[in-house]
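Asks: So the sequence shown is numbered by UniProt numbering: it starts at 1 and just counts up by one.
Be careful, since some hints might not be right.
[Unchecked claim] Simulated crosslink set (EDC-like; lysine to aspartate or glutamate; CA at most 20 Å straight-line):
1. Lys42 x Asp30
2. Lys77 x Glu46
3. Lys38 x Glu48
4. Lys31 x Glu51
5. Lys42 x Asp75
[To be verified] Computed Cβ-Cβ distance ranges for the label pairs, DEER-style:
6. Asn34 x Asp71: 22 to 32 Å
7. Asp23 x Met110: 16 to 26 Å
8. Arg29 x Phe101: 23 to 33 Å
9. Leu122 x Ala95: 46 to 56 Å
FYI, nobody ran anything at the bench for these hints, they're computed from the structure.
Note that the Cβ used here is the ideal one computed from N, Cα and C, for glycine as well.
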Amino acid sequence: MESVATGTCCSCLANSSPTKFKDAPLSTRDKFYNDQTKNLSKASIEKEVIEIAAVAVGKSLHAQFQAAFGDTRTDLKTRVSFKFSTSRGIYGTPAFIVNGFVLPGVGSPMDYNGWRKIIDPLVAAEKVEGDEYDSKNFERSVYLYK
Numbered sequence: 001m002e003s004v005a006t007g008t009c010c011s012c013l014a015n016s017s018p019t020k021f022k023d024a025p026l027s028t029r030d031k032f033y034n035d036q037t038k039n040l041s042k043a044s045i046e047k048e049v050i051e052i053a054a055v056a057v058g059k060s061l062h063a064q065f066q067a068a069f070g071d072t073r074t075d076l077k078t079r080v081s082f083k084f085s086t087s088r089g090i091y092g093t094p095a096f097i098v099n100g101f102v103l104p105g106v107g108s109p110m111d112y113n114g115w116r117k118i119i120d121p122l123v124a125a126e127k128v129e130g131d132e133y134d135s136k137n138f139e140r141s142v143y144l145y146k
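Could you put the whole structure together from the sequences, leaning on the hints where they help?
Replies: Next comes the structure, spelled out in structure tokens:
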């Protein structure tokens, strides 16, 4: 429910300030685990999430948040996105996929040097002997990479 609620509320923030909102669901997520919500209705949970979102970014968006929860397209997009990410082994944020592989350390921030260690070997090309551009025939050669 948390990811659907967060995705739904974020859809209201396209031209507003999503940075104000991003920490609100995380700081209150303990309220929305299974045990805490098992006896609550969907409507009461939505109402609480809308209130948290409105407090985070301003009461003026309260009606938009409310409308977003009634938007089945936003709900479906969020659910599909969540299911797709879990099917790829992503169970937390931030998470990154490089060349189809989930990087280890989900939830851990990575600095510039950390990214260089991952990306540099992928973009470093090693030319294979005999694989050259033939300028006479204007053929483009294909370079093979390790």
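Asks: Tell me, which hint numbers fail for this structure?
Replies: Failing hint: just 9.
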